[in-house]
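Q: Chains as they are written, first to last, in full-length UniProt numbering: chain A, 1 to 528; chain B, 1 to 528.
It is possible that part of the hints are untrue.
A pair counts as met if it fits within one copy or between any two copies, since identical chains are not told apart.
[Said to hold, decoys possible] In silico DSBU-like links for lysine-lysine, alpha-carbon gap of 35 Å or less:
1) K87 x K492
2) K167 x K328
3) K328 x K424
4) K312 x K216
5) K492 x K328
6) K312 x K87
7) K167 x K216
8) K492 x K424
9) K517 x K216
10) K167 x K424
11) K87 x K216
12) K216 x K519
To be clear, the hints were calculated from the coordinates, so they are not data collected in a lab.
2 protein chains.
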Amino acid sequence: MSDILATVSTTATEAPAASGRARRGGGRGADRTRKAPAATYLNIRNTLARTEILTPEALEDIHNASLQVLEEIGVDVMLPEARDIMKAAGAMVTPGSERVRFDRGLIMEYMAHAPGEFTLHARNPLRNVRMGGNNLVFAQIASAPFVADREGGRRAGNQTDFRKLLKLMQSYDVVHVNGGYPVEPIDIHASVRHLECLSDIVTLTDKPFHAYSLGKQRNIDALEIARIARGITAEQMDSEPSLFTIINSNSPLRLDIPMLQGIIEMASRNQVVVLTPFTLAGAMAPVTVAGALVQQNAEALCGLSFAQMVRKGAPVIYGGFTSNVDMKTGAPAFGTPEYMKAVIAGGQLARRYGVPYRTSNVNAANTLDAQAAYESAMSLWAVTQGGGNFVMHAAGWSEGGLTASFEKFVLDVDLLQMVAEFLKPLDVSEAALGLDAIRDVGPGGHYFGTPHTLERYETAFYSPILSDWRNFETWTEAGRPTTYDHANRIFKEVLDRYEAPPIDPAVAEELAAFVAKRKEEGGVATDF
Amino acid sequence: MSDILATVSTTATEAPAASGRARRGGGRGADRTRKAPAATYLNIRNTLARTEILTPEALEDIHNASLQVLEEIGVDVMLPEARDIMKAAGAMVTPGSERVRFDRGLIMEYMAHAPGEFTLHARNPLRNVRMGGNNLVFAQIASAPFVADREGGRRAGNQTDFRKLLKLMQSYDVVHVNGGYPVEPIDIHASVRHLECLSDIVTLTDKPFHAYSLGKQRNIDALEIARIARGITAEQMDSEPSLFTIINSNSPLRLDIPMLQGIIEMASRNQVVVLTPFTLAGAMAPVTVAGALVQQNAEALCGLSFAQMVRKGAPVIYGGFTSNVDMKTGAPAFGTPEYMKAVIAGGQLARRYGVPYRTSNVNAANTLDAQAAYESAMSLWAVTQGGGNFVMHAAGWSEGGLTASFEKFVLDVDLLQMVAEFLKPLDVSEAALGLDAIRDVGPGGHYFGTPHTLERYETAFYSPILSDWRNFETWTEAGRPTTYDHANRIFKEVLDRYEAPPIDPAVAEELAAFVAKRKEEGGVATDF
Numbered sequence: 001m002s003d004i005l006a007t008v009s010t011t012a013t014e015a016p017a018a019s020g021r022a023r024r025g026g027g028r029g030a031d032r033t034r035k036a037p038a039a040t041y042l043n044i045r046n047t048l049a050r051t052e053i054l055t056p057e058a059l060e061d062i063h064n065a066s067l068q069v070l071e072e073i074g075v076d077v078m079l080p081e082a083r084d085i086m087k088a089a090g091a092m093v094t095p096g097s098e099r100v101r102f103d104r105g106l107i108m109e110y111m112a113h114a115p116g117e118f119t120l121h122a123r124n125p126l127r128n129v130r131m132g133g134n135n136l137v138f139a140q141i142a143s144a145p146f147v148a149d150r151e152g153g154r155r156a157g158n159q160t161d162f163r164k165l166l167k168l169m170q171s172y173d174v175v176h177v178n179g180g181y182p183v184e185p186i187d188i189h190a191s192v193r194h195l196e197c198l199s200d201i202v203t204l205t206d207k208p209f210h211a212y213s214l215g216k217q218r219n220i221d222a223l224e225i226a227r228i229a230r231g232i233t234a235e236q237m238d239s240e241p242s243l244f245t246i247i248n249s250n251s252p253l254r255l256d257i258p259m260l261q262g263i264i265e266m267a268s269r270n271q272v273v274v275l276t277p278f279t280l281a282g283a284m285a286p287v288t289v290a291g292a293l294v295q296q297n298a299e300a301l302c303g304l305s306f307a308q309m310v311r312k313g314a315p316v317i318y319g320g321f322t323s324n325v326d327m328k329t330g331a332p333a334f335g336t337p338e339y340m341k342a343v344i345a346g347g348q349l350a351r352r353y354g355v356p357y358r359t360s361n362v363n364a365a366n367t368l369d370a371q372a373a374y375e376s377a378m379s380l381w382a383v384t385q386g387g388g389n390f391v392m393h394a395a396g397w398s399e400g401g402l403t404a405s406f407e408k409f410v411l412d413v414d415l416l417q418m419v420a421e422f423l424k425p426l427d428v429s430e431a432a433l434g435l436d437a438i439r440d441v442g443p444g445g446h447y448f449g450t451p452h453t454l455e456r457y458e459t460a461f462y463s464p465i466l467s468d469w470r471n472f473e474t475w476t477e478a479g480r481p482t483t484y485d486h487a488n489r490i491f492k493e494v495l496d497r498y499e500a501p502p503i504d505p506a507v508a509e510e511l512a513a514f515v516a517k518r519k520e521e522g523g524v525a526t527d528f
Numbered sequence: 001m002s003d004i005l006a007t008v009s010t011t012a013t014e015a016p017a018a019s020g021r022a023r024r025g026g027g028r029g030a031d032r033t034r035k036a037p038a039a040t041y042l043n044i045r046n047t048l049a050r051t052e053i054l055t056p057e058a059l060e061d062i063h064n065a066s067l068q069v070l071e072e073i074g075v076d077v078m079l080p081e082a083r084d085i086m087k088a089a090g091a092m093v094t095p096g097s098e099r100v101r102f103d104r105g106l107i108m109e110y111m112a113h114a115p116g117e118f119t120l121h122a123r124n125p126l127r128n129v130r131m132g133g134n135n136l137v138f139a140q141i142a143s144a145p146f147v148a149d150r151e152g153g154r155r156a157g158n159q160t161d162f163r164k165l166l167k168l169m170q171s172y173d174v175v176h177v178n179g180g181y182p183v184e185p186i187d188i189h190a191s192v193r194h195l196e197c198l199s200d201i202v203t204l205t206d207k208p209f210h211a212y213s214l215g216k217q218r219n220i221d222a223l224e225i226a227r228i229a230r231g232i233t234a235e236q237m238d239s240e241p242s243l244f245t246i247i248n249s250n251s252p253l254r255l256d257i258p259m260l261q262g263i264i265e266m267a268s269r270n271q272v273v274v275l276t277p278f279t280l281a282g283a284m285a286p287v288t289v290a291g292a293l294v295q296q297n298a299e300a301l302c303g304l305s306f307a308q309m310v311r312k313g314a315p316v317i318y319g320g321f322t323s324n325v326d327m328k329t330g331a332p333a334f335g336t337p338e339y340m341k342a343v344i345a346g347g348q349l350a351r352r353y354g355v356p357y358r359t360s361n362v363n364a365a366n367t368l369d370a371q372a373a374y375e376s377a378m379s380l381w382a383v384t385q386g387g388g389n390f391v392m393h394a395a396g397w398s399e400g401g402l403t404a405s406f407e408k409f410v411l412d413v414d415l416l417q418m419v420a421e422f423l424k425p426l427d428v429s430e431a432a433l434g435l436d437a438i439r440d441v442g443p444g445g446h447y448f449g450t451p452h453t454l455e456r457y458e459t460a461f462y463s464p465i466l467s468d469w470r471n472f473e474t475w476t477e478a479g480r481p482t483t484y485d486h487a488n489r490i491f492k493e494v495l496d497r498y499e500a501p502p503i504d505p506a507v508a509e510e511l512a513a514f515v516a517k518r519k520e521e522g523g524v525a526t527d528f
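Can you make the complete structure from the sequences, with help from the hints?
A: Here's what the structure looks like:
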């Protein structure tokens, strides 16, 4: 052993071996959530220069190719009312057909009306988020059919887990927005599910939320619930975007009836429309990243300009969700090099049109292993460097979106907080440069006990939720816990500490009355 | 179940659920190494604009503060011969003391002689690497006292594992350089260890390598082994850098005798000196990242300019290894937001002086779990965006450098290949834009069977080594393997397929004779 130590001290000066082993004794490791100060991660700003992978010429080539698609091929628009609006705006509607073609000048004319930045309002003003510009906003996983944790395994979505996930979301400031139903509670009948879910969302959390576009009536109910929750008039809400909807075009080149109704209902009320084509290269889009981007851009421009035809100046967000499939199995792949390129190029396109950019934190892992972490970290790399403004599925997304994982939720929160810390400007004040400390310590000393260190050490560095930095021996004595073990323990601790955000009793009453009334009326007729 | 599917198809259009579940059937998942074409990942070029976190003013503040450190505080230089060289060059040597101070003009005058780019030569010319500029070069883990795989657990370094790690390294093109001894083989006596190890390195691999600076004689032996392996004259080697040494200053502000001897021996022979202060903020450097960077820069400039005092124009590399410690335990932390900032700022400093930049792929995890993956991915994010040229510990680094992990080696290779794929320029040719394919498929179709897809699908996307993209059911039938399981299987498969690189019999003979002679002479006297 002395031989090893001699070895370490002579040859392994570079391995923290030498410096690390001696000191890495105590400490709890991976149990720091209690110490995380509240409200640290609101209003994240990304002032890094955006990474670009498209030359200005290549950007214009994709832009022009997508406009050519809209002019020559066109889009199938399945709602007659939408075709009428498009026709009135000057689009080329083919009589007796759903096909609509758009002159490139028309598209750019309407895109010019889209605001570059706007505020999405929450019932708690502290939770308002600014969309666009340098702002970076995170929303948790949405729309998973399954939910999982270690004890319960993988199971179909249900109201109990739905509520737990909302509480977890509310507990972390870095998750700014309700991306949707973190898991689909299929134990609630579809006719009233939106009423139950939205009522939970506005009571268990105080953050902005997503109204699914699943038919006109559901949009109308969501709009009313947002208005009641904020305790404002319809007029005030008309000038203050208070909820958003995600519109996924039916790639390739088709917009279905509920999606078109959603754009009409939300844009006409000055609420936020996020147009996100789901263009998997090699499946519903060309197998090349560039080709998939052309189609993504054509579909996005079609839906976004339609929102402007409905109401000029309505708040919209450009969504990119281009990834590749595993050509051996057809499985969607996420967090890949191709995904990274698509995310960064998508940011260049969104900035080309001067609108906020929506991306995602994605992975295709079946459990919380190294793959889940590197695919998510690679996604966040591209999202951050590419200038994403609104990041959906930022926490809890597992198994390619099929499963909302409680453990993955905690891992993602840690990753999001690391991104936020990375984006904090570096302190280069004279005190931070530390010349006096360097002078005091001098050659051959150490900084552990210096005033410069003692004044700062408690807040000098990010304290991760999950990273276990105990030395091998201590970690072994503790039973060799993995990140998964820590995440499993911590999500339960956080749920135990959950406190419901305050709500005005009058608002709660009005909300309950509205939901009860709408449920009495049967909610929304379904086909079941 | 039909209820779930209805749910998915209506509300979860965004979850690959809808599109994914149907298709994610077959496929092996995580078993693609055989298909990886050889020599894909040589000569990686990073043409991304460098990310900067220091304003030009902040960069100059750190630059000036570090020069002030060298002028006012100075550095302890423990080798008299080195002090004589510094004195002759114009440094202020304090009589009867080890302390040397440097005028800022003197430092910058000598730094101006350092080349911005150079080639590091291997015995196989295909393995030559270009250092500096846009080049990105990866070296495997070096100097770990321990080695680990699942079956054998964590054990002290030994020659058998040392050789296995060299074979693994040789098997992957993306690992370009031998960073050093991947693990310290303590079962070889220290007096002859360098002879045994270097002889293994130049026979089991054909890539450039590291000569540890552990006393003048070891440098001299390494220089001769590099010359013999390349089959060239001393004169030719004097014009062709053929090996490198890592010099870790003894932070704070001290250079010890073996390190100074290493600089003299290597620089005087026109071989590569990598000066890397190991400045852990809060331990051997100020607790602030900015202060740690000031000290890192002072120590780096001191050692690099000393190499230029020894021989003007000698090839040097600016090394950054600033990270933070866990102030609760003193444990070194890696892959943190502070590490990312230090890596990116270090790149700005290296470019400020026009020399290549050395960084590292680091993590502090005790096993191959999510932490190991996200800390490494975050490191590679900063390394790539910050413009690292030479990345040490790029494959196999585990547990803060204490352990060389066979499984982590495979994970890192996958991450390095993903970085290389991400850096490949996006094809935006007319064929890649795919307008014809979009026209052929039209609204509502799919691209699985189109000629545009069939012509490209086999090579369209990166095929990861480890990512398991099988659907949950198939993955469950397979026993729910994790990334760790796949990596454990694959490193053994790769070792089984290892083939020794060809070597000229005359060279092998001369090498064996030299090593035998030096061992007969007793190698290098040690204190043991």
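Q: Among the hints numbered above, which are violated by the structure, and what are their numbers in rising order?
A: As far as the earlier hints go, only 1 is violated by this structure.
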